[in-house]
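What follows is each chain in one-letter form.
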Amino acid sequence: MSLFEEYHPLTGKMFQILKADGTLVSGQKPPISDQEIFALYKKMLFIRLADQRALMLQRQGRFGTYAPIWGQEACQVGSAYALQKGDWVVPAFREIGATLMMGISLKSFYLYWMGNEMGSRAPEGMNVMPVSVPVGTQTLHAVGVAWAAKLRGEKVVALVFFGDGATSKGDFHEAMNFAGVFKTPTVFFCQNNQFAISVPRSLQTASKTIAQKAIAYGCDGIQVDGNDLFAVYLATKEAVEKARSGGGPTLIEGVTYRFGPHTTADDPTKYRTEAEIEPWKPLDPFVRLRFYLGEKGMWDEEIENRLTAEAQKEIDQAVKDAEAVPSPQVEEIFQYVFAEMPHPLKEQLEYLKSTL
Amino acid sequence: MREITYREALREGLREEMKRDETVFLLGEDIAEFGGTYKVTQGLLEEFGPARVRNTPISEAAIVGAALGAALLGMRPVAEIMYIDFSTIAIDQIANQIAKVRYMFGGKARASLVIRTQGGAGRSSAAQHAQSLEAWYSHIPGLKVVMPSTPYDVKGLIKSSIRDDNPILFIEHKLLYNEKGPVPEEEYLIPIGKADIKREGKDVTIVATSRMVLRALKAAQALTEDGVEAEVVDPRTLVPLDEETILQSIKKTGRLLIVHEASKRCGFGAEIAALASEKAFYDLDAPIKRVAAANTPVPFAPKMESFVIPDERAIIKGVRELLG
Chain A
1 MSLFEEYHPL
11 TGKMFQILKA
21 DGTLVSGQKP
31 PISDQEIFAL
41 YKKMLFIRLA
51 DQRALMLQRQ
61 GRFGTYAPIW
71 GQEACQVGSA
81 YALQKGDWVV
91 PAFREIGATL
101 MMGISLKSFY
111 LYWMGNEMGS
121 RAPEGMNVMP
131 VSVPVGTQTL
141 HAVGVAWAAK
151 LRGEKVVALV
161 FFGDGATSKG
171 DFHEAMNFAG
181 VFKTPTVFFC
191 QNNQFAISVP
201 RSLQTASKTI
211 AQKAIAYGCD
221 GIQVDGNDLF
231 AVYLATKEAV
241 EKARSGGGPT
251 LIEGVTYRFG
261 PHTTADDPTK
271 YRTEAEIEPW
281 KPLDPFVRLR
291 FYLGEKGMWD
301 EEIENRLTAE
311 AQKEIDQAVK
321 DAEAVPSPQV
331 EEIFQYVFAE
341 MPHPLKEQLE
351 YLKSTL
Chain B
1001 MREITYREAL
1011 REGLREEMKR
1021 DETVFLLGED
1031 IAEFGGTYKV
1041 TQGLLEEFGP
1051 ARVRNTPISE
1061 AAIVGAALGA
1071 ALLGMRPVAE
1081 IMYIDFSTIA
1091 IDQIANQIAK
1101 VRYMFGGKAR
1111 ASLVIRTQGG
1121 AGRSSAAQHA
1131 QSLEAWYSHI
1141 PGLKVVMPST
1151 PYDVKGLIKS
1161 SIRDDNPILF
1171 IEHKLLYNEK
1181 GPVPEEEYLI
1191 PIGKADIKRE
1201 GKDVTIVATS
1211 RMVLRALKAA
1221 QALTEDGVEA
1231 EVVDPRTLVP
1241 LDEETILQSI
1251 KKTGRLLIVH
1261 EASKRCGFGA
1271 EIAALASEKA
1281 FYDLDAPIKR
1291 VAAANTPVPF
1301 APKMESFVIP
1311 DERAIIKGVR
1321 ELLG
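Chains A and B are the protein sequences, given in the same order. First residue of the first sequence: 1, per this note's numbering; consecutive thereafter. First residue of the second sequence: 1001, per this note's numbering; consecutive thereafter.
Source of the hints: derived by calculation from the structure; they are not laboratory data. Here a beta-carbon is modelled for each residue, glycine too, at the ideal position from N, C-alpha and C. It is possible that part of the hints are untrue.
Selected chain A positions facing chain B (Cβ under 7 Å, derived; list incomplete) [said to hold, decoys possible]:
no., residue
1, I197
2, S198
3, Q204
4, A206
5, K208
6, I215
7, I315
8, A318
9, V319
10, V330
11, F334
12, L345
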């Protein structure tokens, strides 16, 4: 029986390998080696620290409005790890984890959020789309990317990220439908972090799970413990392999929790209580990995401190490098509107320069 | 007279209309406990309950579409679209359904609903959060477009909009919410389709909308040092447009400068310029001039953003060029 049959949404089962206490679910084994697990833990830690730094930079006025990942690291690291070179990541706006996993530098990532659109310009071979602010609209782009790849005979998969809120959008449903009909190699990854700004998951949909929405579109769907790196990785890997071999799209619902604000522009204490957050704290994706690696003698406080110090050093450098990039020139505002600058735009630019 | 903010005045207008008429209700994203992204609806959930202050899923098309359905059954919904940039997701509902339903029902349907939204730049919100799309909607027959610039106007106009039997796009500005101004305690209404002369003058007419009214007034003040007396006209509603007030002002001054925050090309200024050339050509002593944003996306970085949005200097420069 395939993973998607075993965990069909109507069975009501959530796929999990590593329990919150760091032990394995009976009958399950880690899908990757201990060395890989340690490397991914290190990556998750780097992402969490880089994310915290981003928040600080925003508070200091050195960053634009920012949407932190805090709590969702396993969803993004585990799923992006299942991709291969040439595959695409289509983010919403909270995807520091998936973006860095694809090889984009932290400097570039920071540069964008510091207000320089050049930071979104992914280097050749790193297929990460720019952030998409209108919720859910990017799901359609991921279908387009995957469809085009299929038409061109390229074995490329598109992994699109969105939240529980996005599943209320028409675009999401249109995207799932289109992907189902055309069997596009798209993996829909819903990070169900329980909130769309202030509105809880229970007000987004009356469906029991988000995963079950796949059924309506003739796609596989699976609900995974989004705070379990192993389960996220394995489910995504199966979905990616199926997509690559012509088996069509999959909807993965990663059940997770947003510990931080929606963005730096809101205050979550206005819509949720501390008591509500408390039960999620032991479910933090880091906690179980520390238990697991600790049992293997691969994690302790000392190792954590060393990894943290190394990461902070790298983050310091990324901030420095991003801030050292010269401010864009006024010409650049006009330069990228069209492939070539039409005459009236040139005129506007010249006039604008005469006023500065 | 007491002074309150644009946000408070707007909330007061909503509250008074909700008290007066129980068919009035609010729907939108994050408008309940959270009080709206710009806090306009704060406290209204507590006062009127969840049936009349309805949080919805993130579905712009559904918010606007559901509001239309409710209006057709006799309700007066006020739908909030968080950013005018996101109204584009609901544009089929707005342009094809709401604006046309009365006509296509042979005059039988009453689409009495208000779509409240906000636009404009100035908070470094980047290109998908800072647009001024009023001209798009002004182009659609069947829709009224209201764009108030002061606390006094926003209150009087939201009340009139809710009472109006036509669909209304009510465009606020993200940087006006904290602006203070005099607002009387007692009830008043402002008719839709009536411009306001915000400052009298004899040398040049400046027609400005939304936040640009404030900048035009500052520029006009600075121009007095040159001995120039500018008249500042705020149309307040773009559809229907109070042509007469604008034409009378041009007749008086002989010069017309139009200021708006939307991109210049096909902006609402083009409509006012066309109006002046069609109906006030012989009153003009100089060519009509527009000061507007560049035809580019709104940049993310604050400094870059400030380059493309007209400021007082740009308005002053425009007036000086007009006066020769």
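Outcome of the hint check:
1. At its closest, the beta carbon of I197 (chain A) sits 5 Å from a beta carbon of chain B; the interface hint therefore holds under the 7 Å criterion.
2. Below 7 Å, beta-carbon pairs count as interface contacts, and S198 (chain A) has one with chain B at about 4 Å; its hint therefore holds.
3. Nearest Cβ of chain B to the Cβ of Q204 (chain A): about 5 Å, under the 7 Å cut. The hint holds.
4. Against a cut-off of 7 Å between C-beta atoms, the interface hint on A206 (chain A) is violated, since the closest Cβ of chain B lies about 10 Å away.
5. Nearest Cβ of chain B to the Cβ of K208 (chain A): about 16 Å, over the 7 Å cut. The hint is violated.
6. Hint on I215 (chain A) is violated. Least Cβ distance to chain B is approximately 20 Å, over the 7 Å limit.
7. Hint status for I315 (chain A) relative to chain B: violated, with the closest Cβ pair at about 22 Å, above 7 Å.
8. A distance limit of 7 Å between C-beta atoms decides the matter here; for A318 (chain A) the minimum to chain B is near 18 Å, and the interface restraint is violated.
9. Hint on V319 (chain A) is violated. Least Cβ distance to chain B is approximately 17 Å, over the 7 Å limit.
10. Evaluation of the V330 (chain A) hint against chain B yields a held restraint, the C-beta minimum of about 6 Å falling below 7 Å.
11. Evaluation of the F334 (chain A) hint against chain B yields a held restraint, the C-beta minimum of about 6 Å falling below 7 Å.
12. For the restraint placing L345 (chain A) at the interface with chain B, the shortest Cβ-Cβ distance is roughly 6 Å, inside the 7 Å limit, so the hint holds.
Checked against the numbered hints given earlier, this structure breaks hints 4, 5, 6, 7, 8 and 9; the rest are met.
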